[in-house]
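This is what each chain is made of:
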Amino acid sequence: MKDEIDNRDERVANLKGLGCSRKRVEDARFTQGKGNYVDDIKLDGMLFGDFVRSPYAHARIKSIDTAAAMEVPGVLAVLTAADLEPLGLHWMPTLAGDKQMVLADGKVLFQGQEVAFVVAEDRFAAADGIELVEVEYEELPVIVDPFESLKSDVVLREDLDPKAPGAHGPRKHPNHIFTWEAGDKAPTEEVIANAEVVATESMYYHRTHPCPLETCGCVASMDKVNGKLTLWGTFQAPHAIRTVVSLISGIEEHNIRVISPDIGGGFGNKVGAYPGYVCSVVASIVTGKPVKWIEDRMDNLMTTAFARDYHMTGKISATKEGKITALHCHVTADHGGFDACADPTKFPAGFMNICTGSYDIPTAYLEVDGVYTNKAPGGVSYRCSFRVTEAVYFIERMIEVLAIELNMDAAELRRINFIKKEQFPYKAALGWEYDSGDYHTAWDKALKAVDYDGLRAEQAQRVADFKAGKTRKLMGIGLSFFTEIVGAGPVKNCDILGLGMFDSCEIRIHPTGSAIARLGTISQGQGHATTFAQILASEIGLPADSITIEEGDTDTAPYGLGTYGSRSTPVAGAATAMAGRKIRAKAQMIAAYLLEVHDNDVEFDVDRFVVKGAPERFKTMKEIAFAAYNQAIPGLEPGLEAVSYYDPPNMTYPFGAYVCVMDIDVDTGVPDIRRFYALDDCGTRINPMIIEGQIHGGLTEALAVALGQEIAYDDMGNVKTGTLMDFFLPTAWEVPNYETDFTVTPSPHHPIGAKGVGESPHVGGVPCFSNAVQDAFRPFGNRHTNMPHDHWRIWRTANELGLHD
Amino acid sequence: MSKKMHITLTVNGKEEEFLAEPRELLIYTLRERLNITGPHIGCDTSHCGACTVTINGKSVKSCTLFSAQANGKEITTIEGIGGPDDLHPLQSAFKEHHGLQCGFCTPGMITRAAKLLQENPNPTEAEIRFGMAGNICRCTGYQNIIKSIQAAAAEMNAAKEAAE
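Quick mapping for you: the protein sequence lines, in order, are chains R and A.
Counting from 1, position 214 in the first sequence corresponds to residue 214 in full-length UniProt numbering; the numbering is continuous, with no gaps.
Counting from 1, position 37 in the second sequence corresponds to residue 37 in full-length UniProt numbering; the numbering is continuous, with no gaps.
It is worth saying that the hints were derived from the structure and are not from the lab.
Backbone N, C-alpha and C fix where the C-beta goes; we use that ideal spot for every residue, glycine too.
Any given hint might turn out to be false.
Claimed, not checked - Going by beta-carbon spacing under 7 Å, a handful of chain R positions derived as facing chain A:
# : residue
1 : Asp27
2 : Glu214
3 : Gly525
4 : Ala529
Could you put together the complete structure from these sequences and hints?
This is the structure we're talking about:
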């Protein structure tokens, strides 16, 4: 079993460890049509469940008549709240400390709300049954505006005591959910009142939706003989789902097995628990057969997990020279009919208090008011850590507005306010401690790469040409510098439903020197099976190609809180490294025994332990693995396994510098993205190919949100964007090529220095695209216009600025 | 429900004969009747292209076509494009150039790309972007999909030249 490879570089390359653009092990099945997504699951006798949904946004339910539906051939059951009530399952807890109707209990609060669940032999019979369920509604006044909601006499949530505090403290009004504050109010107001320069702006970050290509769904199968429930589904947090199902159903947790199979994208949509899951479980218990529920696209866009919907007002003060002195932010957050935001318990507005951004702002205050309206519940973090996209959009717009107020270049304004390298770890005014950063280096590199001064000169010429009537196209230069806060998180301040947000990894080394590792996270396209094996390869010296990574089966994987908020690498990745180090520690003892030296006389070298000072005397990890199973080593148990539950000491703070160059046709409102440069610093880079892919994807989702994607309602609470005809998903035709770049500033507290990257491009991309549009109109007096900047709204901006005259 | 119809399809070279309601959509015939689960359902409205198959030489979105409309026709899905022993150059290129992430759009994407390269073996980047605009991907931002298709085209053309 002597290792043939003596060349150290070759041995390192052979591992395909950290830093290697290893090709993905997932791809064979996906490219050959052999993925296993939830809707691919087919079980004997499986039934299909689907919802009767409310056409009204606010209405009282007078009656539900299911008789005709039950006559449809193939329809086996129609569940209503009355059926679920004896089980205590007609309401369920939300992740935000509120409760939500599983099936409409007396009234409906948003269009598309689940009213009844029809269970049939196939999806066509279920659809026929849905048509015949007669529901009598009495329409109630509809509120789709959170400001109006706080003034209205119409009480949306009649189930709540209007005077009683909510999950996050006192409520000001029956339609008010919480007030959440961070920072120091009085000092901030005082600094702003006495400041040399103050910029004020209100902005609406519109409601949108993560819209993964695969909708949400599940298959519930209750085995009544053994008392075991198996639940397959599109779950970004399978263990948390198991615990929730156990808590609300009363089935003991060991009798529940939750499996997340392949997931067709998540982006936050698949974090929450939805009525479809509960109804499928109940239907399986009632019928004794497996029950499948799969959303169609309209269900998905109308009901599960919207994102954003933040009305933000900011005040930012500075000296005449542009040094920022204070930041004040107020948010009115539209949460819809139930507060079902997916945030850590103590953070009802997520990490919105990262809104001081990348800047050294000495004094700041943030206040968020959550409000009920007649819109769908959700409030998930769409490709970002909890509300971080909102926070970064807010500060990056405030910077631009302040630059206008100061008549200053926005790149320079950023530069003079960046937190300096030597200030890290940096304690921000709103409470967070940034772990590491080198913002000036990243910014300089970005501006140089795009020849920023040259771009500004070109833009000035373009403005002159436009004014001279030589062109109808304006040029916008979008800038953004973002700091993310990801990797929730320290158990001391981050939990969901009381579950600490640690994560985990369990490794088993097989006798022949290959391994399986299982994690508490779940990939939805991020390539965990590829990258986590790379972390391990570097830690334990076995090739990544010899390591299987498995996630998503709660019967086999160690408990973890799942994948969202870019937490997989910062938390589960850390657990993986730490478990690998436990393996290595035991391997060291085995190697020392085999080499007949003291434990401290051997050291790890790539894929082996060598005797210090005698590199020709070594045992490879492959040899050590075998020895673990065939030697009786005094004082050591046989086998080579380890498990690690990792509670991170802090979040990680990836950052980046983006520049977008855009031409805008003022007569059509069509933007043409000429260039997009993205520099990301995610600390240690595990797989550059995958990082780059994540950045392309996140930027494209940012382009979508900034330039057209929204969930829009009319005054009656009708969803106007319920299909992909109206809800903008960019195609290959609309998307530019991106230039990617990087710097590396490792996280000082993460075992391998990695910070997480999947969401950075979305967080930094949205303000960058938006700033490009707004910058094009800055020379003509534009200060701020709300997203999404679709063709019509851009045209309208041009029109309002008199550019069509 | 209406009277069932007698339908015959050739799917990936194999003849399939069955009785189905007139309203049965081709995607459900493939996925649920024939257990061909490569094509996926992403939108139900012909926008996303996850259900793309080839019918008698044309790319078709199988979520908005009744099986009865495909009666007597030849259908190719991702499963018919290549497998473990005969990978299509596109299947290798998508892996090599990281042209996929969650994999949900990939079967439709490759099925469409295979047709595109038959129609136009030497497409420009703009022609690929236009030719693929009926297939939505939420993960990759398309850049590496374009790269994968270009690489496959180059490989296929080189192989063709070598054979001539």
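Can the hint on alanine 529 of chain R be confirmed by a CB-to-CB distance to chain A that is less than 7 Å?
For alanine 529 of chain R, the interface hint is violated, since the closest Cβ of chain A sits about 12 Å away, which is over 7 Å.
Per-residue hint verdict: glycine 525 of chain R, partner chain A, C-beta under 7 Å:
3 Å, holds
Using Cβ atoms only, decide whether glutamate 214 of chain R comes closer than 7 Å to chain A, and label the hint accordingly.
5 Å, holds
How about aspartate 27 of chain R: closest beta carbon in chain A under 7 Å, or not?
4 Å, holds
Checked against the numbered hints listed earlier, the structure breaks hint 4 alone; every other hint is satisfied.
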